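Chemist: As given, the protein sequences belong to chains P and R, one line each in that order. Each residue of the first sequence is one higher than the one before, starting from 1 at the first, in our numbering. Each residue of the second sequence is one higher than the one before, starting from 208 at the first, in our numbering.
Treat the hints as calculated values from the structure; they're not laboratory data. Small disclaimer: the values here were computed from a predicted structure and weren't measured. Hints may contain errors.
Here are the computed lysine to any residue pairs in the SDA-like style, where the Cα-Cα straight-line distance is at most 20 Å [to be verified]: (1) Lys-118(P) to Arg-129(P); (2) Lys-85(P) to Asn-256(R); (3) Lys-85(P) to Gly-251(R).
Residue strings, one per chain:
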Amino acid sequence: MSEGVDEGLRSELQKQGVWVTSMQELYNWGRKNSIWPLQFGLACCAIEMIATAASRYDLARFGGEVFRPSPRQADLMIVAGTVTKKMAPQVVRLYNQMPDPKYVIAMGACAISGGPFKQGYNVLKGIDRYIPVDVYIPGCPPRPEALLHAFMELQRKIDEQKLTGAGKAEFLKPQQPSEFPVPAFGAHDLQPPSNPDVFRPPHLERA
Amino acid sequence: MSARLEGELLEVSMGPQHPSTHGVFRMNVALDGEIVVKLKPVFGYLHRNHEQIGERTSYLGTMPYTDRLDYFNSMSNNWGYALAVEKLAGVEVPERAQYLRVILAELSRLQNHASLLGFLLSDMGAWGTPLMYAFREREKVLDLFESLAGSRMMCDYMRFGGCRVDADAAWMERAKKIVYDFPRFLDEFEELILENEIVIARTQHVGRVSAELAISAGITGPMLRASGVNYDLRKVDGYGFYPRFKFRIPLGEHGDTYDRLMMRVLEMRESIDILKQAFEAITPGPITNPKVKVRGFRPPAGECYGRIEGPKGELGFYLISDGTGTPYRYHVRAPSFINLTILEDMCLGHTVADVMVILGSIDIVMGEVDR
Numbered sequence: 001m002s003e004g005v006d007e008g009l010r011s012e013l014q015k016q017g018v019w020v021t022s023m024q025e026l027y028n029w030g031r032k033n034s035i036w037p038l039q040f041g042l043a044c045c046a047i048e049m050i051a052t053a054a055s056r057y058d059l060a061r062f063g064g065e066v067f068r069p070s071p072r073q074a075d076l077m078i079v080a081g082t083v084t085k086k087m088a089p090q091v092v093r094l095y096n097q098m099p100d101p102k103y104v105i106a107m108g109a110c111a112i113s114g115g116p117f118k119q120g121y122n123v124l125k126g127i128d129r130y131i132p133v134d135v136y137i138p139g140c141p142p143r144p145e146a147l148l149h150a151f152m153e154l155q156r157k158i159d160e161q162k163l164t165g166a167g168k169a170e171f172l173k174p175q176q177p178s179e180f181p182v183p184a185f186g187a188h189d190l191q192p193p194s195n196p197d198v199f200r201p202p203h204l205e206r207a
Numbered sequence: 208m209s210a211r212l213e214g215e216l217l218e219v220s221m222g223p224q225h226p227s228t229h230g231v232f233r234m235n236v237a238l239d240g241e242i243v244v245k246l247k248p249v250f251g252y253l254h255r256n257h258e259q260i261g262e263r264t265s266y267l268g269t270m271p272y273t274d275r276l277d278y279f280n281s282m283s284n285n286w287g288y289a290l291a292v293e294k295l296a297g298v299e300v301p302e303r304a305q306y307l308r309v310i311l312a313e314l315s316r317l318q319n320h321a322s323l324l325g326f327l328l329s330d331m332g333a334w335g336t337p338l339m340y341a342f343r344e345r346e347k348v349l350d351l352f353e354s355l356a357g358s359r360m361m362c363d364y365m366r367f368g369g370c371r372v373d374a375d376a377a378w379m380e381r382a383k384k385i386v387y388d389f390p391r392f393l394d395e396f397e398e399l400i401l402e403n404e405i406v407i408a409r410t411q412h413v414g415r416v417s418a419e420l421a422i423s424a425g426i427t428g429p430m431l432r433a434s435g436v437n438y439d440l441r442k443v444d445g446y447g448f449y450p451r452f453k454f455r456i457p458l459g460e461h462g463d464t465y466d467r468l469m470m471r472v473l474e475m476r477e478s479i480d481i482l483k484q485a486f487e488a489i490t491p492g493p494i495t496n497p498k499v500k501v502r503g504f505r506p507p508a509g510e511c512y513g514r515i516e517g518p519k520g521e522l523g524f525y526l527i528s529d530g531t532g533t534p535y536r537y538h539v540r541a542p543s544f545i546n547l548t549i550l551e552d553m554c555l556g557h558t559v560a561d562v563m564v565i566l567g568s569i570d571i572v573m574g575e576v577d578r
């Protein structure tokens, strides 16, 4: 939590009416309570995403109601629905257009693994083969409460990110390569077309 | 001085990520200034192989996939598919199940039309507020679905020759209360929105469809009736128990966006009438046909086409059976897809801002368009 501020001293000062915090805590507090999601729905889960933002569930309570239609203004991409092979390059392109720090929630069975449509020839078997995912929500579609839970988990993750030191957050180290290469939108399709570190097709021995 | 500046056309690609395309739909629009001179729709961003999967799974196994066709109306989709299979195998449906089907299909029509109004007004720039009101009502109906079928959106409720679970008296009371309270929302909404000057300016004489064009393009549902064609499968086919109910078919006059908008409001009022009659008429009894073996269902060889009046139009399921446990051919006639085919005819000559309103008034769901 607060690096460098002694808890005892802090509570002692609070009794005197002085509130002490660290830069990291203040910065993360601001970031986690003003996450702007990308207004981007793919399929059925998008309707539950809208329901989460609408009157009953009210994502605004968590500071996430500012759905931005432009990826340039968004912090969070909620991959809500089935990603098809035709749509995958656009999803990756939108992800690449988002400014750092950026986070991804894979919402629903389809975004995680292809879900009920996994056997289809046109369905991507999980968006995490192309972009790094922070929170997964199972369900078909997940309830709005599940999306709220995922949102809170993401807030917790943001809160724990460090700004300095060896264990500082990934987005603060521009030189360091990411977990796996996020493909770019090339002349025809994604470059590189697949990430062998993330997914290697099983070798099938046919008799 | 009537010299007109001639310039190049501006080509704009709208979508697939666009806040108002109702999913992943793309339009390649050629603009002369602000005016649309060409519009080419691009489909397939949500093609999920529905028909191919349907040809590989059992007859019952396709039922949950039909939920995900038009994900606003899983109940109506279930009914359409069950109707096709029942027609194929000649299955009788008990009385209570028929009434339950009518109740659930009309409830899903209510929530579909309510959310459509919210989305359409969002497209017009009333960002947020009408959608919030619409979703407040939608959540009430979804609560009913959830307590009956176990899921808010993907109900998977109908079975061949009946329904999956019975509705108890408490559920009926709750449903009655929601339906009887629904006109209050409609009155409020009409007062708030439908006489609004901006709504009228944005919708009247925008995107007109003549009755001839609508018929020749195969348009069905509220969009066809907005052009003044009296065609509703609930009256024409009289499937289910619809002939037992008294209700009117609202008709439009001009076929413009305003008529299509009003059509939804009037249809909701008729749905409420049907629901009130159904609550009175429903009697206790079995909800499944004991002769039907739902698991491992094997209809005799043959073909059939079952259709219902879904909230978006004629939803048809075409099945060819070869006597085995999986259909030989399975095809879905998706109303949103066919209603979308005349998008270019509707948009030509209008500004690019009107394209979004016209598209919103068609009421498409990409899960059904691309399947």
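Chemist: Taking the hints in turn, state whether each one holds.
Modeler: Hints, verified against the model:
no.	hint	verdict
1	Lys-118(P) to Arg-129(P)	holds, 14 Å
2	Lys-85(P) to Asn-256(R)	holds, 12 Å
3	Lys-85(P) to Gly-251(R)	holds, 10 Å
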